[in-house]
Amino acid sequence: MLASRALLLKQAATVLSRQPACLVHQGDWGNWGNTNIAVVFSGCGWWDGTDVHEAAYTMYHLSRNGARFQIFAPNQQQMHVMDHMKMQPSSGENRNMMMESARFSHGQGMMQMQDLSRLDVNSFDAVIFPGGHGIVKNLSSFNKDGKDCKLHNDVERVLKEFHRSRKPIGLSSMSPLLACRVLPNLEVTMGYERDESSRWGRWPNTNMVQAVKSMGARHNIREPYEAHVDEKNKVVSTPTFMWETDYHYHYIFDGIGNMVKHVMRMTSK
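According to UniProt numbering, the residues represented by the sequence shown are 1 to 269, in order.
Some clues are possibly wrong.
What the hints assert, rightly or not - The calculated DSBU-like cross-link candidates involving lysine-lysine, where the alpha carbons are at most 35 Å apart (straight line), are: (1) Lys150 / Lys232; (2) Lys213 / Lys167; (3) Lys144 / Lys160; (4) Lys150 / Lys167.
What the hints assert, rightly or not - Ranges of calculated distance between the beta carbons of each label pair, as one might list FRET restraints: (5) Asn153 / Asn185: 22 to 30 Å; (6) Thr245 / Asp115: 29 to 37 Å; (7) Asp145 / Ile221: 23 to 31 Å; (8) Glu223 / Lys147: 36 to 44 Å; (9) Asp115 / Lys160: 29 to 37 Å.
These are calculated hints, taken from the structure and not from any lab test.
Ideal Cβ placement from N, Cα and C applies to all residues, glycine included.
Build the full structure now, drawing on both the sequences and the hints.
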(Lines of atoms letter the chains of each structure in order from A and count residues from 1; the text may use other names and numbers.)
(Lines give C-alpha, C1' and ligand atoms only; values in the text may rest on other atoms or scores of the structure.)
Protein backbone atom coordinates (compact mmCIF):
# COMPACT_ATOMS: atom_id res chain seq x y z
CA MET A 1 0.00 0.00 0.00
CA LEU A 2 2.73 2.48 0.99
CA ALA A 3 4.69 1.63 -2.13
CA SER A 4 1.62 2.29 -4.30
CA ARG A 5 1.03 5.69 -2.66
CA ALA A 6 4.67 6.65 -3.13
CA LEU A 7 4.47 5.71 -6.81
CA LEU A 8 1.30 7.76 -7.29
CA LEU A 9 2.85 10.78 -5.60
CA LYS A 10 5.93 10.50 -7.79
CA GLN A 11 3.80 10.30 -10.94
CA ALA A 12 1.72 13.31 -9.87
CA ALA A 13 4.85 15.35 -9.15
CA THR A 14 6.22 14.47 -12.59
CA VAL A 15 3.01 15.61 -14.33
CA LEU A 16 2.89 18.90 -12.42
CA SER A 17 6.52 19.65 -13.17
CA ARG A 18 5.73 19.46 -16.90
CA GLN A 19 2.86 21.97 -16.77
CA PRO A 20 3.34 25.36 -18.48
CA ALA A 21 4.67 27.99 -16.10
CA CYS A 22 1.60 30.19 -16.63
CA LEU A 23 -0.61 27.62 -14.90
CA VAL A 24 1.21 28.09 -11.62
CA HIS A 25 2.31 31.70 -12.08
CA GLN A 26 2.04 34.07 -9.17
CA GLY A 27 2.18 37.77 -10.01
CA ASP A 28 3.26 40.57 -7.73
CA TRP A 29 -0.37 41.21 -6.81
CA GLY A 30 -2.05 37.82 -6.99
CA ASN A 31 -2.34 34.38 -8.50
CA TRP A 32 -2.76 34.14 -12.25
CA GLY A 33 -6.38 34.32 -13.32
CA ASN A 34 -7.92 35.74 -10.13
CA THR A 35 -8.21 39.29 -11.53
CA ASN A 36 -10.05 40.26 -14.74
CA ILE A 37 -9.03 43.48 -16.47
CA ALA A 38 -10.77 45.13 -19.42
CA VAL A 39 -8.42 46.84 -21.89
CA VAL A 40 -9.91 49.35 -24.34
CA PHE A 41 -8.25 49.93 -27.72
CA SER A 42 -9.04 52.41 -30.49
CA GLY A 43 -7.42 50.81 -33.52
CA CYS A 44 -3.84 49.77 -34.30
CA GLY A 45 -1.12 52.38 -34.73
CA TRP A 46 0.17 55.48 -32.94
CA TRP A 47 -1.17 58.04 -35.42
CA ASP A 48 -4.68 56.66 -35.91
CA GLY A 49 -5.41 54.16 -33.13
CA THR A 50 -3.76 52.51 -30.11
CA ASP A 51 0.02 52.62 -29.99
CA VAL A 52 1.42 49.13 -30.55
CA HIS A 53 4.08 49.47 -27.85
CA GLU A 54 1.65 50.68 -25.21
CA ALA A 55 -0.76 47.89 -26.10
CA ALA A 56 1.88 45.15 -25.96
CA TYR A 57 3.51 46.50 -22.78
CA THR A 58 0.12 46.70 -21.05
CA MET A 59 -0.71 43.09 -21.89
CA TYR A 60 2.75 41.92 -20.83
CA HIS A 61 2.58 43.62 -17.44
CA LEU A 62 -0.97 42.40 -16.82
CA SER A 63 0.18 38.83 -17.47
CA ARG A 64 3.29 39.29 -15.34
CA ASN A 65 1.16 40.58 -12.46
CA GLY A 66 -1.24 37.64 -12.54
CA ALA A 67 -4.24 39.08 -14.41
CA ARG A 68 -6.57 37.82 -17.08
CA PHE A 69 -7.55 40.49 -19.59
CA GLN A 70 -10.10 41.03 -22.33
CA ILE A 71 -9.63 43.42 -25.25
CA PHE A 72 -12.46 45.75 -26.29
CA ALA A 73 -12.88 48.38 -29.01
CA PRO A 74 -15.81 50.23 -30.63
CA ASN A 75 -17.29 48.40 -33.59
CA GLN A 76 -17.20 51.54 -35.74
CA GLN A 77 -15.12 53.22 -38.41
CA GLN A 78 -12.08 55.12 -37.20
CA MET A 79 -11.62 58.79 -38.07
CA HIS A 80 -9.10 58.10 -40.84
CA VAL A 81 -6.23 55.81 -41.80
CA MET A 82 -2.73 57.27 -41.44
CA ASP A 83 0.30 56.51 -43.54
CA HIS A 84 2.79 56.04 -40.70
CA MET A 85 5.75 56.61 -43.03
CA LYS A 86 4.54 59.97 -44.33
CA MET A 87 2.55 60.81 -41.17
CA GLN A 88 -0.42 61.92 -43.22
CA PRO A 89 -3.88 60.46 -43.96
CA SER A 90 -4.16 57.84 -46.68
CA SER A 91 -6.81 58.68 -49.25
CA GLY A 92 -9.63 56.26 -50.00
CA GLU A 93 -9.10 53.96 -46.99
CA ASN A 94 -11.63 53.14 -44.28
CA ARG A 95 -10.98 50.84 -41.33
CA ASN A 96 -13.02 49.52 -38.43
CA MET A 97 -11.64 50.12 -34.93
CA MET A 98 -12.56 46.69 -33.63
CA MET A 99 -11.12 44.89 -36.64
CA GLU A 100 -7.89 46.88 -36.42
CA SER A 101 -7.61 46.33 -32.66
CA ALA A 102 -8.03 42.60 -33.22
CA ARG A 103 -4.49 42.65 -34.61
CA PHE A 104 -3.39 42.64 -30.96
CA SER A 105 -5.43 39.51 -30.24
CA HIS A 106 -4.66 35.87 -30.83
CA GLY A 107 -8.38 35.22 -31.13
CA GLN A 108 -8.63 32.53 -28.48
CA GLY A 109 -10.54 32.48 -25.21
CA MET A 110 -10.16 35.62 -23.14
CA MET A 111 -7.90 37.12 -25.81
CA GLN A 112 -10.77 37.28 -28.28
CA MET A 113 -11.70 40.77 -29.47
CA GLN A 114 -15.01 42.13 -28.16
CA ASP A 115 -17.30 45.02 -29.06
CA LEU A 116 -16.96 47.82 -26.49
CA SER A 117 -20.74 47.99 -26.22
CA ARG A 118 -20.58 44.56 -24.51
CA LEU A 119 -18.22 45.66 -21.74
CA ASP A 120 -20.02 44.97 -18.44
CA VAL A 121 -18.47 46.60 -15.38
CA ASN A 122 -19.73 43.73 -13.22
CA SER A 123 -17.50 41.25 -15.07
CA PHE A 124 -14.22 43.10 -14.51
CA ASP A 125 -12.09 44.35 -11.64
CA ALA A 126 -10.53 47.30 -13.48
CA VAL A 127 -10.25 48.97 -16.90
CA ILE A 128 -7.17 50.28 -18.73
CA PHE A 129 -6.97 52.65 -21.70
CA PRO A 130 -3.58 52.55 -23.50
CA GLY A 131 -2.66 55.66 -25.47
CA GLY A 132 -2.24 56.66 -29.08
CA HIS A 133 -3.89 59.26 -31.29
CA GLY A 134 -7.00 57.07 -31.46
CA ILE A 135 -7.79 58.61 -28.05
CA VAL A 136 -8.24 62.05 -29.59
CA LYS A 137 -9.53 60.92 -32.99
CA ASN A 138 -11.69 57.83 -32.40
CA LEU A 139 -12.65 57.64 -28.73
CA SER A 140 -13.28 61.37 -28.49
CA SER A 141 -13.63 64.46 -30.66
CA PHE A 142 -10.65 66.19 -29.01
CA ASN A 143 -8.76 66.42 -32.29
CA LYS A 144 -11.53 68.69 -33.57
CA ASP A 145 -13.11 70.22 -30.47
CA GLY A 146 -10.27 70.44 -27.95
CA LYS A 147 -11.24 70.78 -24.29
CA ASP A 148 -14.94 70.88 -25.24
CA CYS A 149 -14.75 67.47 -26.89
CA LYS A 150 -17.37 64.76 -26.65
CA LEU A 151 -16.54 61.14 -25.86
CA HIS A 152 -17.68 58.03 -27.68
CA ASN A 153 -20.88 56.99 -25.88
CA ASP A 154 -19.53 53.64 -24.66
CA VAL A 155 -16.23 55.18 -23.55
CA GLU A 156 -18.10 57.67 -21.39
CA ARG A 157 -20.38 54.94 -20.05
CA VAL A 158 -17.48 52.64 -19.15
CA LEU A 159 -15.49 55.36 -17.38
CA LYS A 160 -18.48 56.50 -15.34
CA GLU A 161 -19.50 52.94 -14.42
CA PHE A 162 -16.05 51.92 -13.22
CA HIS A 163 -15.67 55.16 -11.28
CA ARG A 164 -19.11 54.76 -9.71
CA SER A 165 -18.29 51.15 -8.79
CA ARG A 166 -14.99 52.21 -7.15
CA LYS A 167 -13.00 50.04 -9.54
CA PRO A 168 -9.54 51.18 -10.72
CA ILE A 169 -9.00 52.99 -14.02
CA GLY A 170 -5.56 52.86 -15.68
CA LEU A 171 -4.58 55.53 -18.20
CA SER A 172 -1.47 56.02 -20.33
CA SER A 173 -0.26 58.70 -22.70
CA MET A 174 -3.20 60.79 -23.97
CA SER A 175 -5.99 58.78 -22.36
CA PRO A 176 -6.29 60.93 -19.18
CA LEU A 177 -8.12 63.34 -21.49
CA LEU A 178 -11.02 60.91 -21.60
CA ALA A 179 -11.38 60.49 -17.86
CA CYS A 180 -10.86 64.17 -17.06
CA ARG A 181 -13.61 65.14 -19.50
CA VAL A 182 -16.34 63.15 -17.73
CA LEU A 183 -15.11 62.54 -14.15
CA PRO A 184 -14.73 65.34 -11.58
CA ASN A 185 -11.71 66.37 -9.52
CA LEU A 186 -9.17 63.88 -10.86
CA GLU A 187 -5.42 63.91 -10.31
CA VAL A 188 -3.48 62.69 -13.36
CA THR A 189 -0.15 62.95 -15.12
CA MET A 190 0.62 63.42 -18.78
CA GLY A 191 4.29 64.14 -18.16
CA TYR A 192 5.73 67.64 -18.39
CA GLU A 193 3.74 70.86 -18.74
CA ARG A 194 6.27 72.49 -21.06
CA ASP A 195 8.23 71.08 -24.00
CA GLU A 196 11.56 70.80 -22.23
CA SER A 197 13.58 69.16 -24.96
CA SER A 198 16.79 67.32 -24.25
CA ARG A 199 19.04 64.87 -26.03
CA TRP A 200 16.89 62.09 -24.56
CA GLY A 201 13.56 63.30 -25.98
CA ARG A 202 10.93 66.04 -26.00
CA TRP A 203 7.33 66.73 -24.94
CA PRO A 204 5.45 67.92 -28.06
CA ASN A 205 1.86 67.45 -26.80
CA THR A 206 1.76 69.78 -23.81
CA ASN A 207 -1.39 71.45 -25.19
CA MET A 208 -3.22 68.36 -23.95
CA VAL A 209 -1.91 68.98 -20.44
CA GLN A 210 -3.41 72.46 -20.50
CA ALA A 211 -6.67 70.94 -21.73
CA VAL A 212 -7.01 68.53 -18.78
CA LYS A 213 -6.26 71.39 -16.39
CA SER A 214 -9.03 73.43 -18.00
CA MET A 215 -11.34 70.45 -17.48
CA GLY A 216 -10.82 70.80 -13.73
CA ALA A 217 -8.19 68.12 -13.19
CA ARG A 218 -5.03 68.56 -11.15
CA HIS A 219 -1.96 67.77 -13.23
CA ASN A 220 1.20 66.27 -11.73
CA ILE A 221 4.57 66.34 -13.46
CA ARG A 222 6.06 62.87 -13.85
CA GLU A 223 8.79 61.19 -15.88
CA PRO A 224 7.92 58.64 -18.62
CA TYR A 225 8.87 55.74 -16.34
CA GLU A 226 6.70 56.94 -13.46
CA ALA A 227 2.99 56.70 -12.65
CA HIS A 228 0.79 59.04 -10.66
CA VAL A 229 -1.77 57.48 -8.33
CA ASP A 230 -5.03 59.21 -7.43
CA GLU A 231 -5.95 57.02 -4.47
CA LYS A 232 -9.24 58.80 -3.82
CA ASN A 233 -10.61 58.23 -7.33
CA LYS A 234 -8.68 55.00 -8.00
CA VAL A 235 -7.19 56.46 -11.17
CA VAL A 236 -3.60 55.65 -12.18
CA SER A 237 -1.87 57.43 -15.06
CA THR A 238 1.55 57.40 -16.72
CA PRO A 239 3.02 59.71 -19.42
CA THR A 240 4.54 57.05 -21.73
CA PHE A 241 4.62 58.40 -25.31
CA MET A 242 3.57 61.90 -24.42
CA TRP A 243 7.37 61.92 -24.29
CA GLU A 244 8.84 61.61 -27.77
CA THR A 245 11.97 59.49 -27.88
CA ASP A 246 13.84 57.67 -30.60
CA TYR A 247 15.50 54.97 -28.52
CA HIS A 248 14.59 54.90 -24.83
CA TYR A 249 11.53 52.68 -25.03
CA HIS A 250 12.47 50.90 -21.82
CA TYR A 251 11.28 54.00 -19.93
CA ILE A 252 7.86 53.58 -21.53
CA PHE A 253 7.88 49.90 -20.61
CA ASP A 254 8.69 50.75 -16.99
CA GLY A 255 6.04 53.48 -16.79
CA ILE A 256 3.29 51.14 -17.96
CA GLY A 257 4.59 48.52 -15.55
CA ASN A 258 4.22 50.96 -12.65
CA MET A 259 0.72 51.91 -13.77
CA VAL A 260 -0.38 48.26 -14.04
CA LYS A 261 1.07 47.36 -10.63
CA HIS A 262 -0.89 50.15 -8.93
CA VAL A 263 -4.08 49.17 -10.78
CA MET A 264 -3.61 45.58 -9.63
CA ARG A 265 -2.87 46.70 -6.08
CA MET A 266 -6.11 48.67 -6.01
CA THR A 267 -8.17 45.70 -7.18
CA SER A 268 -7.14 43.82 -4.03
CA LYS A 269 -8.57 46.45 -1.71
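To see whether the hints hold, each was checked on the structure:
1. Lys150 / Lys232: 25 Å, holds
2. Lys213 / Lys167: 23 Å, holds
3. Lys144 / Lys160: Given that 35 Å is the threshold and the Cα spacing comes to 23 Å, the pair holds.
4. Lys150 / Lys167: 23 Å, holds
5. Asn153 / Asn185: 22 to 30 Å: Between Asn153 and Asn185, where Cβ atoms are some 23 Å apart, the hint holds.
6. Thr245 / Asp115: 29 to 37 Å: 34 Å, holds
7. Asp145 / Ile221: 23 to 31 Å: At roughly 26 Å between Cβ atoms, Ile221 and Asp145 fall inside 23 to 31 Å, so the hint holds.
8. Glu223 / Lys147: 36 to 44 Å: 25 Å, violated
9. Asp115 / Lys160: 29 to 37 Å: 19 Å, violated
Violated hints for the displayed structure, listed by number in ascending order: 8, 9.
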